[in-house]
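Residue numbers (my numbering): 590 to 705.
Rather than coming from a laboratory, the hints here were simulated on the basis of the structure. Treat the numbers as computed from the prediction; the structure is a model and nothing was measured. Ideal Cβ positions, reconstructed from N, Cα and C, are used throughout, including at glycine. There could be a bad hint or two in this list.
[Said to hold, decoys possible] For each label pair, taking beta carbons as the anchor points, the in silico distance ranges come out as:
id, residue 1, residue 2, range
1, R689, N664, 18 to 26 angstroms
2, C639, T690, 47 to 55 angstroms
3, F593, S637, 17 to 25 angstroms
4, Q688, D656, 26 to 34 angstroms
[Said to hold, decoys possible] Computed list of lysine-lysine pairs in DSS-like fashion (alpha-carbon distance at most 25 angstroms, straight line):
id, residue 1, residue 2
5, K645, K601
6, K695, K680
7, K658, K631
8, K601, K650
9, K681, K666
10, K681, K695
11, K682, K666
12, K645, K658
13, K682, K645
14, K658, K619
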Amino acid sequence: MRIFGINIPDNKHILISLTHIYGIGLSIAKSICIKSNISIYKLTKNLSNCDIDNLKLEISKYTIEGDLKRDISLNIKRLIDINSYRGLRHKKKLPVRGQRTRTNAKTIKKNKNIKV
Numbered sequence: 590m591r592i593f594g595i596n597i598p599d600n601k602h603i604l605i606s607l608t609h610i611y612g613i614g615l616s617i618a619k620s621i622c623i624k625s626n627i628s629i630y631k632l633t634k635n636l637s638n639c640d641i642d643n644l645k646l647e648i649s650k651y652t653i654e655g656d657l658k659r660d661i662s663l664n665i666k667r668l669i670d671i672n673s674y675r676g677l678r679h680k681k682k683l684p685v686r687g688q689r690t691r692t693n694a695k696t697i698k699k700n701k702n703i704k705v
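Take these sequences, add in the hints, and give me the full structure.
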């Protein structure tokens, strides 16, 4: 099954299937199911067309997939452009949220790529 161009597994509960969409976790998936009047234990392959339309309507209220990734990268780029402390940490590829760097920041120094 495809919703907004994303493949969703058919053989899982709808609650778990919705979490395959980037930007939708368990709590948001649960609220989407409740607002759409769909049981969270219902299998994805057992959804009717009406249920799918209700899901699409509720999901469209959230920022997901490409839009969310673009927003995140633009926020990071804005922090870098205004030379804030967090922006400088992003630019130097160091931990941003106060983690220690004496021993544990090896992987973030090596592997973090910023798409700007």
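Do the hints match the structure? See the list:
1. R689 / N664: 18 to 26 angstroms: Given a distance of about 24 angstroms, which is inside 18 to 26 angstroms, the answer is holds.
2. C639 / T690: 47 to 55 angstroms: holds, 53 angstroms
3. F593 / S637: 17 to 25 angstroms: holds, 18 angstroms
4. Q688 / D656: 26 to 34 angstroms: holds, 29 angstroms
5. K645 / K601: holds, 18 angstroms
6. K695 / K680: holds, 16 angstroms
7. K658 / K631: violated, 29 angstroms
8. K601 / K650: holds, 23 angstroms
9. K681 / K666: holds, 13 angstroms
10. K681 / K695: Holds - the C-alpha atoms of K695 and K681 are around 13 angstroms apart, at most 25 angstroms.
11. K682 / K666: holds, 13 angstroms
12. K645 / K658: holds, 20 angstroms
13. K682 / K645: violated, 37 angstroms
14. K658 / K619: holds, 22 angstroms
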